[in-house]
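Q: Given next are the chains, with one letter for each unit.
2 protein chains.
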Amino acid sequence: MTPFKTLHPRQALAVLLLLALPLLARATEPLPSWQDGPAKKSIIEFVEAVTTEGSKDYVKPAERIAVFDNDGTLWSEQPAYFQVLFAFDEIKRLAPQHPQWKTTQPFKAVLENDHKALAAAGMDGLLKIIGATHTGITTEAFIDNAKTWLSQARHPKTGKPYTDMIYQPMLEMLDYLRSQDFKTYIVSGGDTAFMRAFAETVYGIPPEQVIGSNFVTQWQVQGDQPSILRTAKLAHNDDGPGKPESIDSIIGRRPILAFGNSDGDLHMLQWTAAGSGKRFMGLVHHTDAKREWAYDRQSSVGRLDKALDEAKKRGWTIVDMASEWRRIYPFEASLPEQVQ
Amino acid sequence: MTPFKTLHPRQALAVLLLLALPLLARATEPLPSWQDGPAKKSIIEFVEAVTTEGSKDYVKPAERIAVFDNDGTLWSEQPAYFQVLFAFDEIKRLAPQHPQWKTTQPFKAVLENDHKALAAAGMDGLLKIIGATHTGITTEAFIDNAKTWLSQARHPKTGKPYTDMIYQPMLEMLDYLRSQDFKTYIVSGGDTAFMRAFAETVYGIPPEQVIGSNFVTQWQVQGDQPSILRTAKLAHNDDGPGKPESIDSIIGRRPILAFGNSDGDLHMLQWTAAGSGKRFMGLVHHTDAKREWAYDRQSSVGRLDKALDEAKKRGWTIVDMASEWRRIYPFEASLPEQVQ
Chain G
24 MTPFKTLHPR QALAVLLLLA LPLLARATEP LPSWQDGPAK KSIIEFVEAV
74 TTEGSKDYVK PAERIAVFDN DGTLWSEQPA YFQVLFAFDE IKRLAPQHPQ
124 WKTTQPFKAV LENDHKALAA AGMDGLLKII GATHTGITTE AFIDNAKTWL
174 SQARHPKTGK PYTDMIYQPM LEMLDYLRSQ DFKTYIVSGG DTAFMRAFAE
224 TVYGIPPEQV IGSNFVTQWQ VQGDQPSILR TAKLAHNDDG PGKPESIDSI
274 IGRRPILAFG NSDGDLHMLQ WTAAGSGKRF MGLVHHTDAK REWAYDRQSS
324 VGRLDKALDE AKKRGWTIVD MASEWRRIYP FEASLPEQVQ
Chain W
24 MTPFKTLHPR QALAVLLLLA LPLLARATEP LPSWQDGPAK KSIIEFVEAV
74 TTEGSKDYVK PAERIAVFDN DGTLWSEQPA YFQVLFAFDE IKRLAPQHPQ
124 WKTTQPFKAV LENDHKALAA AGMDGLLKII GATHTGITTE AFIDNAKTWL
174 SQARHPKTGK PYTDMIYQPM LEMLDYLRSQ DFKTYIVSGG DTAFMRAFAE
224 TVYGIPPEQV IGSNFVTQWQ VQGDQPSILR TAKLAHNDDG PGKPESIDSI
274 IGRRPILAFG NSDGDLHMLQ WTAAGSGKRF MGLVHHTDAK REWAYDRQSS
324 VGRLDKALDE AKKRGWTIVD MASEWRRIYP FEASLPEQVQ
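Chains as they are written, first to last, in the numbering used here: chain G, 24 to 363; chain W, 24 to 363.
Just so you know, not all the hints are guaranteed correct.
Pairs involving identical chains hold if they fit within one copy or between any two copies, as the list cannot separate such chains.
[Stated by the list, open to error] Below, computed lysine-lysine pairings styled on DSBU-like, alpha-carbon distance capped at 35 Å:
#1 K329 <-> K256
#2 K125 <-> K83
#3 K256 <-> K151
#4 K256 <-> K313
#5 K79 <-> K336
#6 K131 <-> K301
#7 K79 <-> K115
#8 K301 <-> K115
#9 K336 <-> K183
Please keep in mind that the hints were generated in silico from the structure rather than gathered at the bench.
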């Protein structure tokens with residue numbers, strides 16, 4: 024065979040491009056929205072160590088599991104978890120079908136934007152709101168509701184769709200890891216189906232790599248048509264120790280990289296750290312009151328206290344958002360590069 | 024750039040091989056252990072329809088989810104589910120640490136190979152045996168036990184390791200699907216961790232694509248070392264309606280291909296069939312008493328009754344093992360090709 028002689032010019036071009044790809048890839052620096060600071064350095068050093076064949080830290084592609092919390096790690100979580108804001112909006116949308124909500128707490132509080140009454144209803148009240156908006160319908164219908172809301176709702180502070188309030192540096196990190204044959208997972212406290220409504224289009228993370236909290240579901244058949252009903256019973260709370268438990272039951276491999284931002288991620292980070300070989304544990308530290316929010320030890324949403332102490336003690340990577348990220352959201356301009 | 028002029032001869036060879044690959048792939052017929060019968064034809068027709076770009080039945084790679092039952096579909100399940108035989112052997116191995124088992128049912132029956140007493144202990148007895156051998160230890164320790172057993176135990180009829188008693192035609196089908204960018208999953212009634220002990224090396228199916236029954240697990244820390252404990256509480260029974268429920272909660276996409284062999288697979292097949300677009304539903308029918316076993320409507324293991332009726336009614340693919348498979352196990356020689 025003499026393949027080159029038979030190549031059409033267009034085929035030759037394709038071969039040329041194929042051959043040039045590795046060079047092009049190397050020409051494009053990964054993580055452009057990260058300052059050339061300690062966090063970026065630690066990420067790249069880790070990835071290069073575990074992907075370089077022959078390195079003592081080499082990890083084969085099948086075992087390159089990377090897990091990310093969602094709220095506060097991949098997108099913002101202020102002034103409240105976005106899924107809670109979705110539930111409030113759903114209560115308003117569904118209210119005409121539930122006239123009794125006008126006079127029953129906690130629904131009345133949501134309908135009247137009564138923050139004080141809502142706070143008084145506490146966790147029990149919140150669970151009722153979640154139950155009324157997240158269960159008693161099929162998975163398919165629930166995901167449709169979430170998609171509709173995500174396409175219409177706007178964030179109270181920025182006026183942007185919630186799916187725009189994702190962290191550009193983390194998107195770049197997900198892409199970078201996938202380009203190095205990592206399998207990127209979400210392991211987060213949010214409802215699995217809610218996150219699946221946007222994870223694939225927004226983060227490039229397919230449904231089967233989204234792990235969250237979920238309700239017991241139930242097969243049902245209406246007429247000839249089967250569907251999966253979301254019952255009101257919680258099956259799994261994917262927070263704290265629930266994270267390594269779901270990693271063990273659903274992934275069945277220990278991650279080599281984990282990223283979180285709060286004490287709810289501590290067990291997942293510990294689980295990752297306790298494996299053998301080189302590991303990467305990262306925390307997003309919300310330090311930028313101007314471009315995003317600044318909060319940690321005292322916050323009711325995304326409290327970062329014990330995990331911050333442990334990260335400092337163990338030498339995990341702490342991403343100081345204000346100083347390490349040149350850009351936070353994709354819709355912003357980048358800050359200039361800092362001279363380190 | 025003039026890439027060809029600068030190619031080293033070895034590089035030129037690499038390019039040549041790359042260009043020749045599609046031809047080589049086409050030269051190798053898929054599914055060599057299948058007779059050229061209706062089942063093989065229906066598999067290839069389906070795969071070509073959903074993978075041909077521009078075809079009205081085209082399905083993009085991310086949505087090519089294929090789910091397979093394990094017992095009786097990928098490996099044998101006679102004279103009993105292999106996992107049950109593992110549990111019996113584990114009772115014998117662990118007996119010295121549990122002297123009371125010598126006088127307590129159902130353990131006494133296992134230790135004395137007393138089939139009658141075992142049968143009398145029924146499902147309750149079996150659950151006690153499973154509990155004593157499958158729970159109260161960490162996931163890691165349990166998988167180690169399963170791997171040790173799989174490497175040592177031999178099947179009572181063939182004298183082969185259990186992991187040799189896998190169906191060569193199904194291995195070829197898994198390979199064929201993966202070569203066409205399908206993601207192959209196990210969705211089976213067996214214990215998830217038990218199946219993960221061999222699925223990757225034996226079937227090429229990684230742990231994160233193995234879905235089965237599982238126990239509630241619990242994060243624990245001993246000293247500085249975290250681990251995941253398997254408690255005695257069943258979390259999910261992955262049989263019947265439990266199969267589409269776990270597909271919905273763990274995969275989050277509806278499969279386009281499902282393969283089973285018993286009534287326990289009926290709901291998974293119905294769930295797959297009820298999706299839009301082209302679908303493939305298949306059943307292995309155990310019809311070969313000589314090379315494997317013959318059983319269906321009256322069997323206590325892998326009963327195939329309602330699903331057989333539904334498959335006939337709906338035109339699903341029924342694989343008549345005796346006539347469609349030239350070879351059953353990898354260690355056998357192939358039967359000659361049949362003239363159809």
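Q: If the cut is 35 Å between Cα atoms, do K79 and K336 qualify within a copy, between copies, both or neither?
A: Within. Shortest intra-copy distance 25 Å satisfies the 35 Å Cα cut-off; inter-copy 58 Å does not.
Q: Give the relationship of K336 and K183 under a CA distance limit of 35 Å: within one copy only, between copies only, both, or neither.
A: Answer is neither: 38 Å inside a copy and 52 Å across each miss the 35 Å cutoff.
Q: Could you figure out if K256 and K313 sit no more than 35 Å apart (CA to CA) within one copy, between two copies, both or neither?
A: Neither way: K256 and K313 sit 40 Å apart in one copy and 49 Å across, limit 35 Å.
Q: For K329 and K256, with the copy left unspecified, which applies at a CA distance of at most 35 Å: within, between, both, or neither?
A: both (30 Å within a copy, 31 Å between copies)
Q: Please sort K256 with K151 into within, between, both or neither, judging by C-alpha distance up to 35 Å.
A: So K256 and K151 pass the 35 Å test inside a copy (12 Å) and across (27 Å) alike.
Q: Is it within, between, both or neither when you check K79 against K115 at 35 Å Cα-Cα?
A: neither (57 Å within a copy, 41 Å between copies)
Q: Given identical chains, is K301 near K115, meaning Cα to Cα at most 35 Å, within a copy, between copies, both, or neither?
A: neither (49 Å within a copy, 39 Å between copies)
Q: Reference check for the pair K131 and K301, CA-CA at most 35 Å: within, between, both, or neither?
A: neither (52 Å within a copy, 47 Å between copies)
Q: Is the C-alpha distance from K125 to K83 at most 35 Å within one copy, between copies, in both cases, or in neither?
A: neither (58 Å within a copy, 47 Å between copies)
Of the numbered hints stated above, those contradicted by the structure are hints 2, 4, 6, 7, 8 and 9, listed in ascending order.
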